[in-house]
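Asker: Sequence:
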Amino acid sequence: MYRHIKNYEIKYIDVDAFDNIKASALLGFMQESACLSADELGFGYADIAPKNLGFILANWYVDMLRPVRLGEELEIHTWPLKPKHLIFLRDFEFYIGGKKVGVASARWCMIDTVSFKFLPVCANFEEGFFDNYNTERSIEFSSWKIADCGGKALSHSRRVGLSDYDHYFHANNTKYADFMTDAFSVDELRGKYFKSLQISYVKQCKEGETLEIFKARGGDGYYYIDGKAGEELRVQFKVLLDEI
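Going by my numbering, the residue at position 74 of the sequence shown is 74; the numbering climbs one at a time, nothing skipped.
Rather than coming from a laboratory, the hints here were simulated on the basis of the structure.
Glycine included, C-beta positions come from ideal geometry on N, C-alpha and C.
A few of these clues could be false.
[Stated by the list, open to error] So the derived label-pair ranges between C-beta atoms look like this:
| id | residue 1 | residue 2 | range |
| --- | --- | --- | --- |
| 1 | Ser185 | Asn52 | 38 to 48 Å |
| 2 | Glu207 | Tyr133 | 29 to 39 Å |
| 3 | Phe118 | Ser196 | 21 to 31 Å |
| 4 | Asp131 | Gly208 | 41 to 51 Å |
| 5 | Ala49 | Gly150 | 40 to 50 Å |
| 6 | Tyr45 | Lys82 | 18 to 28 Å |
| 7 | Asp220 | Asn52 | 36 to 46 Å |
| 8 | Leu154 | Asn124 | 40 to 50 Å |
| 9 | Asp242 | Cys122 | 37 to 47 Å |
| 10 | His85 | Glu40 | 20 to 30 Å |
| 11 | Glu40 | Thr210 | 32 to 42 Å |
| 12 | Gly208 | Ala49 | 23 to 33 Å |
[Claimed, not checked] In silico lysine-lysine, BS3-like type, Cα no more than 30 Å apart, as pairs:
| id | residue 1 | residue 2 |
| --- | --- | --- |
| 13 | Lys206 | Lys84 |
| 14 | Lys11 | Lys192 |
| 15 | Lys82 | Lys203 |
| 16 | Lys6 | Lys195 |
| 17 | Lys22 | Lys192 |
| 18 | Lys192 | Lys228 |
| 19 | Lys195 | Lys100 |
Build the full structure now, drawing on both the sequences and the hints.
Answerer: What follows is the structure, given as structure tokens:
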């Protein structure tokens, strides 16, 4: 069955102070693999942009068995699954030296790039288009809603600027991972890595907006982090750290 496979060398720019891969770098590699896969399958950026169509991320879920380190070569496998109405699901597997080191899943939505409205699958794909696609799952995960654990305190604020933008003129999904990481101190991440990371994108952020980041640790050991512009929720994170 179809899989797109690509290797990424983990370079200095991809790692944090402890030589572990940054969350934003991992999401960047996943985004790159997803886009290259879509190109192969005939619904990539060059195929759909002339139709005023595009894809944006709604959710990420990543579960790592161990940290990815500087100098390692990360092999990413990805494939799309049959979409349902407004949701396009894509799964990932990560390998180093032939051994699986993590899995991930993502939910995407197709949009009209002029009105930025969500579009159903039938707006661009004929019935049966995805029938022969890989049905294998990297992980059985469906708990996309992130609960509010309450008690979050303001960590920091971040003004969205042009360097955060992608070609849809909003902050790229990978940038939010850096906003999230900055909610942790050096000491909090010393000897640890992001074992599990879940992100829910609620509403896009634009140049000039200030995103305030609020953080709390739940009784389940997870960190719950919200990004708000004023009183409006824009992004949510659920994060589990583990010992290296």
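Asker: Hint by hint, say whether it matches the structure.
Answerer: The hints, checked one at a time:
1. Ser185 / Asn52: 38 to 48 Å: holds, 44 Å
2. Glu207 / Tyr133: 29 to 39 Å: Roughly 37 Å apart at Cβ, these two residues keep to the hinted range, so it holds.
3. Phe118 / Ser196: 21 to 31 Å: holds, 27 Å
4. Asp131 / Gly208: 41 to 51 Å: holds, 45 Å
5. Ala49 / Gly150: 40 to 50 Å: holds, 42 Å
6. Tyr45 / Lys82: 18 to 28 Å: This hint holds: roughly 21 Å between Cβ atoms.
7. Asp220 / Asn52: 36 to 46 Å: At 43 Å between Cβs, range holds.
8. Leu154 / Asn124: 40 to 50 Å: holds, 42 Å
9. Asp242 / Cys122: 37 to 47 Å: The hint (37 to 47 Å, Cβ to Cβ) holds, given that Asp242 and Cys122 are roughly 42 Å apart.
10. His85 / Glu40: 20 to 30 Å: holds, 24 Å
11. Glu40 / Thr210: 32 to 42 Å: Since Glu40 and Thr210 have Cβ atoms about 39 Å apart, the given range 32 to 42 Å holds.
12. Gly208 / Ala49: 23 to 33 Å: With Cβ atoms ~25 Å apart, the hint holds.
13. Lys206 / Lys84: Given that 30 Å is the threshold and the Cα spacing comes to 29 Å, the pair holds.
14. Lys11 / Lys192: The given pair, whose Cα atoms are some 20 Å apart, holds under the 30 Å limit.
15. Lys82 / Lys203: holds, 25 Å
16. Lys6 / Lys195: The hint holds at about 22 Å.
17. Lys22 / Lys192: holds, 12 Å
18. Lys192 / Lys228: holds, 27 Å
19. Lys195 / Lys100: This hinted pair holds, its Cα atoms lying about 14 Å apart.
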